[in-house]
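**Q** Residue-level listing of the chains:
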Amino acid sequence: MDLTPRHEIEEPEEVRRTIHRRRRWIILVIAVLLIAALAFVTAQGLRNATLFFRNVDEAIEQRTELGTSRFRIQGRVIPSSVQGESGVTTFQIVHECAVAAIRHTGDPPELFESPWIPVVLEGRWVQGKSQTAAGADSHYFRSDRMLVKHTNEYASANEVRVNEEPPAGFLDDCSFEVPVDHS
Amino acid sequence: MPERTDDSKMTATPLTRVLGILGIAASVVMAVLGLFISPPDVVQGEAVRMLYLHVPSIWIAYGSFVLTSISSLLFLARSKRREDSGRHYDRLAGSAAEVGVVFTGLTLITGMLWGKVTWGTYWQWDARLTTTVLLFVTYLGYLALRRLPADPVVRGRRAAVMALISFINVPIVHYSVDWWRTLHQKASLSVGRRPEITGEMYWTLLYSALTVTIVGAWLIIHRYRVIRLEEIRDEENLKMLISSRHQEKPTDSTAAGEVS
Numbered sequence: 002m003d004l005t006p007r008h009e010i011e012e013p014e015e016v017r018r019t020i021h022r023r024r025r026w027i028i029l030v031i032a033v034l035l036i037a038a039l040a041f042v043t044a045q046g047l048r049n050a051t052l053f054f055r056n057v058d059e060a061i062e063q064r065t066e067l068g069t070s071r072f073r074i075q076g077r078v079i080p081s082s083v084q085g086e087s088g089v090t091t092f093q094i095v096h097e098c099a100v101a102a103i104r105h106t107g108d109p110p111e112l113f114e115s116p117w118i119p120v121v122l123e124g125r126w127v128q129g130k131s132q133t134a135a136g137a138d139s140h141y142f143r144s145d146r147m148l149v150k151h152t153n154e155y156a157s158a159n160e161v162r163v164n165e166e167p168p169a170g171f172l173d174d175c176s177f178e179v180p181v182d183h184s
Numbered sequence: 245m246p247e248r249t250d251d252s253k254m255t256a257t258p259l260t261r262v263l264g265i266l267g268i269a270a271s272v273v274m275a276v277l278g279l280f281i282s283p284p285d286v287v288q289g290e291a292v293r294m295l296y297l298h299v300p301s302i303w304i305a306y307g308s309f310v311l312t313s314i315s316s317l318l319f320l321a322r323s324k325r326r327e328d329s330g331r332h333y334d335r336l337a338g339s340a341a342e343v344g345v346v347f348t349g350l351t352l353i354t355g356m357l358w359g360k361v362t363w364g365t366y367w368q369w370d371a372r373l374t375t376t377v378l379l380f381v382t383y384l385g386y387l388a389l390r391r392l393p394a395d396p397v398v399r400g401r402r403a404a405v406m407a408l409i410s411f412i413n414v415p416i417v418h419y420s421v422d423w424w425r426t427l428h429q430k431a432s433l434s435v436g437r438r439p440e441i442t443g444e445m446y447w448t449l450l451y452s453a454l455t456v457t458i459v460g461a462w463l464i465i466h467r468y469r470v471i472r473l474e475e476i477r478d479e480e481n482l483k484m485l486i487s488s489r490h491q492e493k494p495t496d497s498t499a500a501g502e503v504s
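Line order of the protein sequences matches chains R and V. Those letters in the first sequence? Residues 2 to 184, by the working numbering. Those letters in the second sequence? Residues 245 to 504, by the working numbering.
Bound-form chain V, shown alone (with noise of 0.2 Å):
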């Protein structure tokens, strides 16, 4: 028997498909700028190429961040109101954590090798690190609960409030290198100030933060349908269960039948 291709069984769309290809070829194109085309820095040598993963791997996790907030907000706004309890929100509020923890972790990594490069060590408890690192574990927390076991409109509010006082360090991230003194150097980029990047090197930045957003569209997308397709087998599940349970009740009375 061949089997079922029904697209709501599925993780993929054609968009999907496309986005993924688009995704693939746009990080092979990242790599080659980002590692042979762009030219070393002066101070930094060869090293200043993790710039171009770290920063747009941060800028996608605030990002995603953003968009966990706002669904967050939507769904406490529609749980009580709608038929759906307004679920999807829910849902996307949670693969958009996911990704931003995911590229967060990465910003994380990145960091660390390019700091033992630059600074001459992987970590320092400075104002910009230890708050990302507090963002990082607040998310994973966020997730967490969302794994607990409970009604899942109940479980979504819960979580969403979550999301809501998470993100409030979205911001003290971003700007602690302009409140504190850190080891970290400024922002790269800043709204409203000459960037302090030159040509190809500003160029590639832009095009990796690009990439960047376009993969982690795809991904977002793609764990929204596995949630979605995890909620459909769940509600399968009980639904199997049921009706088990409602043959097994013929089978009872017989059987006092018999007794009797």
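For reference, chain R alone in the conformation it holds in the complex (with noise of 0.2 Å):
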């Protein structure tokens, strides 16, 4: 039943197709956004998020068929490797006892810092010669991008003391060791 009042509108079916119309649109418009919006985040997200980044072990054991292509490596940061100098900062990663020597350009993010943090770095396997804790390598990853991954682990700083001891049990297993700054 239409109720607008007749004397207010003259020409009420056209406004009324001329309403119709432009709202036609307007949902056309949104429809068309809100799909391109998630077409675009499922893109994005199947494209990286199931593979986010591999453990130093797994980039170690695929360096052949990874190439010299980009890709992202985690692992936490040995404290005593951290070398900076001229914007380059160099230092070793550890995951699972496999060790990865690291050439990082950029400025690393603050959280850097903390002894043991476990970071995710973008790049690529070069070779050339490196040194790392679990002995020579042929390799080093360099990277141009690093990002900190902090744990869901939370202390309070006024109870607990930051040292450079490794995370309990996180070496137990392995054939090497890491000098350790106990001052």
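The hints are simulated quantities; they were obtained by calculation from the structure and are not laboratory data. Possibly wrong hints are sitting among the right ones.
[Said to hold, decoys possible] Interface residues of chain V toward chain R, partial, derived using beta-carbon atoms under 8 Å:
#, residue
1, Val292
2, Met294
3, Ala371
4, Ala388
5, Leu427
6, Ala431
7, Glu475
8, Ser487
[Unchecked claim] Stretch by stretch, here's where chain R covers chain V in the computed footprint (C-beta under 8 Å, at least three residues):
#, stretch
9, 273-281
10, 373-381
11, 443-454
Note that the coordinates shown come from a computational prediction; the quantities given were computed from them, not determined experimentally. Ideal placement from N, C-alpha and C gives every residue a C-beta, glycine not left out.
The two chains are supplied separately, each in an independent frame; assemble them into the complex guided by the hints.
**A** The structure is reproduced here in structure tokens:
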């Protein structure tokens, strides 16, 4: 039932059509924007989400097939290995007793300074001799993007002292030892 | 002439006023606890304070979407049988979804700020972040669907189906950190697992969750009543239009009589 007062609108049918047309366009634009947003998000998600990074041991194992392709590697930073000069930071990361030498260009995030912090680095394997805590290696990882992957462990800074001891049990099964600064 | 103070025309009741005052007071205490009393984290330092808003926000968003889904189910079940079409369930679903979207947005914003300080980036397309933004977009779509012009019951049914489809993503968001490798850390608190948060930080987090729940409940109640008021307004407008049309008839017939 049309209840629009007749005397207020001179051409009700035409006005109604215009309103409907406009409304249809608005709905269509919203629908297209939503579908586009969903498609974009899903595409991004599928591409990156399922394998966001490779752990050090996997990256070393898959070194041949990875070749010079770009990927992300994850491991904990060995605090005693960190050295930096003129925008380049070199250090070693470890996961499941596998160690990789890293040569990172750029400023590391603030939390990088925390001992044994897990990091995700973006870059590629480069052929070149390197020395790690686990021994000599024929490759090192050149990265230009570093993300700090903090854990879900929270402890009061007033109660827990920062030290360079590795997390409990982290290196127990490893055949090598890492020098620790007790100062 | 004094304004009408009929309770059905207001968005507040004595109970919601008390809830609102409680929400404000609890928020002030939450800010004091989160910003000054709870200690900095041994690794993250002061940045950890974002935890007290970020984590409860997503919990309340989950809770709101659960409420939306249950209400949508009840609406679908009762919309055909009841005289009032079970529209209060539809209203509850809509108001809870709005609050859920607000808190998901808050989670995304606080997460981005926290991420910049800790990870070193505002955004990464990892599984947790991707599914969370997907959750935000799908529920925005749900709210857009509720705004489309249609018969209220038909629109309610369409929205209810959309709400149930959208809910599939909630457990995916929550478990994404366990199912896939993500930059995002694992859940801060989980049922059946020892919390990895110590002392004052743990209690501040639980207190913040309680505070955000009060604020969320208050918002849902008010949105529910605003939606009901909008319906009353529409119903009154309709009545007014019908009566104005009825009043037109005698004028027309008089006019016709004059011509003849």
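**Q** Does each hint fit the structure? Answer for all of them.
**A** These are the hints, each one checked on the structure:
no. : hint    : in the structure
1   : Val292  : holds, 6 Å
2   : Met294  : violated, 12 Å
3   : Ala371  : holds, 4 Å
4   : Ala388  : holds, 6 Å
5   : Leu427  : holds, 6 Å
6   : Ala431  : holds, 7 Å
7   : Glu475  : violated, 17 Å
8   : Ser487  : violated, 10 Å
9   : 273-281 : violated (count 0)
10  : 373-381 : holds (count 5)
11  : 443-454 : holds (count 3)
Hint compliance for this structure: hints 2, 7, 8, 9 are broken, all remaining hints hold.
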